[in-house]
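Trainee: Counting from 1, position 84 in the sequence shown corresponds to residue 252 in our numbering; the numbering is continuous, with no gaps.
Calculated from the structure, these hints are not laboratory results.
A few of these clues could be false.
Only pairs whose alpha carbons sit at most 25 Å apart, straight line, appear in this in silico DSS-like list of lysine-lysine [said to hold, decoys possible]:
1. K272 <-> K179
2. K350 <-> K179
3. K377 <-> K350
4. K388 <-> K360
5. K178 <-> K219
6. K270 <-> K334
7. K272 <-> K334
8. K350 <-> K223
9. K388 <-> K272
10. K350 <-> K360
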Amino acid sequence: MIYYSYFWLKKPGVVEWKHNYLVISPDRNTADTFFRVLDENRSLVVEGTRKVNIKELNRESSQIWTYDCDDNGLPYQLNLTVSGNCPEAYYEVPAWRDLLGKIKILPMSWITAVGHNPTGWKMLPELHLGVDNDCLSGYSFYVRRRGFPDAHWYNDDGVISLSRHKRSRFIVTVQTELQSPKIPIIARDRVKIEWVGVNSTRISLDVSKGFLALTLGEAKPFRFSDFLQRFSIVYNNLSDPGYPYANSKITWCSASGNNNDSFELCEGVPVGELGDMGDD
169 MIYYSYFWLK KPGVVEWKHN YLVISPDRNT ADTFFRVLDE NRSLVVEGTR KVNIKELNRE
229 SSQIWTYDCD DNGLPYQLNL TVSGNCPEAY YEVPAWRDLL GKIKILPMSW ITAVGHNPTG
289 WKMLPELHLG VDNDCLSGYS FYVRRRGFPD AHWYNDDGVI SLSRHKRSRF IVTVQTELQS
349 PKIPIIARDR VKIEWVGVNS TRISLDVSKG FLALTLGEAK PFRFSDFLQR FSIVYNNLSD
409 PGYPYANSKI TWCSASGNNN DSFELCEGVP VGELGDMGDD
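Using the sequences plus the hints, can you model the full thing?
Mentor: This is the structure we're talking about:
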C-alpha cells in the first residue's frame with residue numbers, strides 16, 4: 169500500500185514554505201529504510217564528489233520527519249540519488265541501491281518566473297488515525313495476528329501462545345551501533361525479543377523444541393521480517409471450538425513457507441511508561 173511522509177527543514181530564520189517535501193514510497197518498510205539510511209550516513213555524496221552534512225534528523229512521528237543540513241535543499245538532492253542520477257553515492261552507501269526507483273520526494277511548492285509559490289499541504293489519510301503505531305527499537309509492544317486484531321501473543325507459563333482474552337508486552341530491540349533516540353525497525357534488522365513482566369522485568373525469547381519460549385540463557389537473534397513470514401500457530405486439537413487459541417503455541421521456522429502465519433507489532437510505548445507493566 170502506498171505510504172506517505174512529510175519531510176521538512178527545521179531551521180530558525182528559514183522561510184517556512186520553501187523547504188517542505190512529501191516522501192512517497194510503496195510501503196512503510198521502504199520509507200523507514202530510507203530514514204535509516206539517512207540516520208546511519210550523516211555525511212552524504214549528492215553529486216560528483218560534493219558532500220552535504222546532516223546536522224539534525226528528527227523523527228517527530230512515523231510520518232513527520234525534520235532535518236537541518238548545510239544544504240537546505242537536501243530532499244531535492246536525495247530525490248536525484250534514489251532516481252538513479254548519482255552513481256557516486258551508490259559506491260559510498262551501497263544501501264541506496266535497494267531504494268532505486270522506490271522513493272519519490274516531491275516539493276510542496278512550485279517555481280514560477282517570479283519564484284516559489286506554495287501549492288498547499290496535502291492531507292495524508294494515515295495521519296488521521298489518532299494513534300501513531302511507529303515501530304521503534306527498544307519500545308515495548310503487543311504482538312497481534314495480522315487480520316485478527318483481537319488475537320495477541322501471550323506468555324502462558326513460559327511458552328508464547330495466542331489468545332483473544334490475554335496479551336503480553338514484548339520489547340523488540342535492534343542490534344545496531346546506531347545511537348539515535350528513535351530508530352525505526354526495518355525488515356532486514358536483526359532483533360532481540362524480550363517479554364516484559366511486572367516492574368518492567370525483561371526475559372529474552374528463544375526457540376525451544378520449535379516453540380517460542382522464555383529463556384534464562386542467551387537470546388536468539390531474529391530478523392524483524394520473521395514476524396511476517398517465519399512464525400506460525402500450533403493449535404490444540406482438543407480445544408473448544410469457541411476458544412480456538414486455547415493451549416496454542418507460537419513456533420518459529422528457519423524458512424518461510426505457506427503454512428506460516430503473519431504477525432505485527434502494535435501500541436508501542438517507551439519502556440517504563442504506563443502500559444508495559446506485566447500482562448493484561
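Trainee: Taking the earlier hints as the rules, which of them does this structure contradict?
Mentor: 3, 6, 7, 9
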